[in-house]
Amino acid sequence: MTEMSKIVRTIVAIAFPVSMIYGLYIIAHGHLTPGGGFQGGAVVASACAMILVAFGSKWTINKIKEKNLSVFESVGAVAFIGLAFLGLIFGAIFFNNFLVGNDYLFGVIPAVGSTLADINTAGVLPLMNFAVGLKVIAGLFAIVLVMAHATTSYKEENK
Amino acid sequence: MMSKRNLAAAVFLSIIAVIFIFSALLMHPFGVLDASDMDDYVIENTQEETGANNGVTSVVFDYRGFDTLGEATVLFTAVAGVVMIFRRLKHD
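One line per chain: the protein sequences are A and B, in this order.
For the first sequence, position 151 matches number 151 in my numbering, and the numbering has no gaps at all.
For the second sequence, position 8 matches number 8 in my numbering, and the numbering has no gaps at all.
Looking at chain A on its own, in the form it has when it is part of the complex (with noise of 0.2 Å):
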C-alpha cells in the first residue's frame, strides 16, 4: 500500500488527533456513557487505519512493529484476566467487583437514581475497560497492519 496524495495525508494529520481522543474519551468514560472498552478501541483502531492509508504500510511499519503490538495485546489480556482473578483472590468469586466501596481507587458508590457522572466510581470496571481497550486497538491494528504490510509487494515497496 503505497501513501495517498499530500491533500489526504494533511487532512488525516488532522482528523487523527481528534478521532483518537474520541476513543479514548470513549475507553474512560466506559462506566458513565454509552460505549467502553470495545467500542471505543474500534474507533481508535479505525484512526490508526487511517493513518496507515494515507500515509503508506512502509511508513507505518517503520513507526510502529507488529511484533509490539501483539505485545500489547497480550498485556490487554493477561491485565483483563488477572483482574478476574484478583476478585477470586479478594471476594471469593470469578470476576467479583472487590474494588467497590472503597474510598480511593473508583470506589465510590453513586446516589441512586439518575446522578451527574463522577469518575471514580465503579470499581475494577473502568480497569477492566482500559484492558479491553488496549486489547482492542493493539489486535484490531495488528491485523490491518499485517494485512497491507504482507500484500504490498516488493517492486512496490521499493518504488
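Keep in mind the hints are simulated off the structure, nothing from the lab.
Heads up, the beta-carbon is just placed ideally off N, CA and C, and yes, glycines get one too.
It is possible that part of the hints are untrue.
[Unchecked claim] In silico negatives: residues of chain B with every beta carbon more than 12 Å from chain A:
1) Ala10
2) Ile21
3) His28
4) Phe30
5) Met38
6) Glu44
[As the list claims (entries may be wrong)] Stretches of chain A that chain B covers, calculated by requiring three or more beta carbons in the stretch to come under 8 Å of a beta carbon on chain B:
7) 20-33
8) 66-77
9) 91-105
Go by the hints and put chain B onto chain A.
Then chain B, alone, in the frame of chain A:
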C-alpha cells in the same frame, strides 16, 4: 409421476412447514410484557452493587463477565490466526 426422491422431499418439507406455522402461531404475542425479574433486578441494584452509572457496562463487565472473557478470547484467536498467516506470506 413423482420419483421417490421428490416424494420424500415433499413430505419432509411439509412436516417442516407445519412445524414452522405452529411455532409462528404459538409465538409470544408482540408488545406484551414477559417476565422481567432479571431486568428489574439489574435496573434497581446496578448502582449500589457495581457503582456504575452505565447499566450496560455493569452487565457486560460484572454480571456477565464470562461472556466478555469469551469475546476477548475470540478476538485474540482471530488476531493470532491472521498474524500467523500473513507473517509467513511476507517471507516467501
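Outcome of the hint check:
1. Ala10: Nearest chain A Cβ is 47 Å from Ala10/B, so the label holds.
2. Ile21: Given a closest Cβ separation of 39 Å, the condition holds.
3. His28: holds, 28 Å
4. Phe30: holds, 26 Å
5. Met38: With a cut-off of 12 Å, Met38/B remains clear of chain A, as the shortest Cβ separation is near 17 Å.
6. Glu44: violated, 8 Å
7. 20-33: holds (count 4)
8. 66-77: holds (count 4)
9. 91-105: Our answer is that it holds, as 5 residues pass the Cβ test (under 8 Å) against chain B, meeting three.
Hint check: a violation occurs at hint 6 only; the rest are consistent with the structure.
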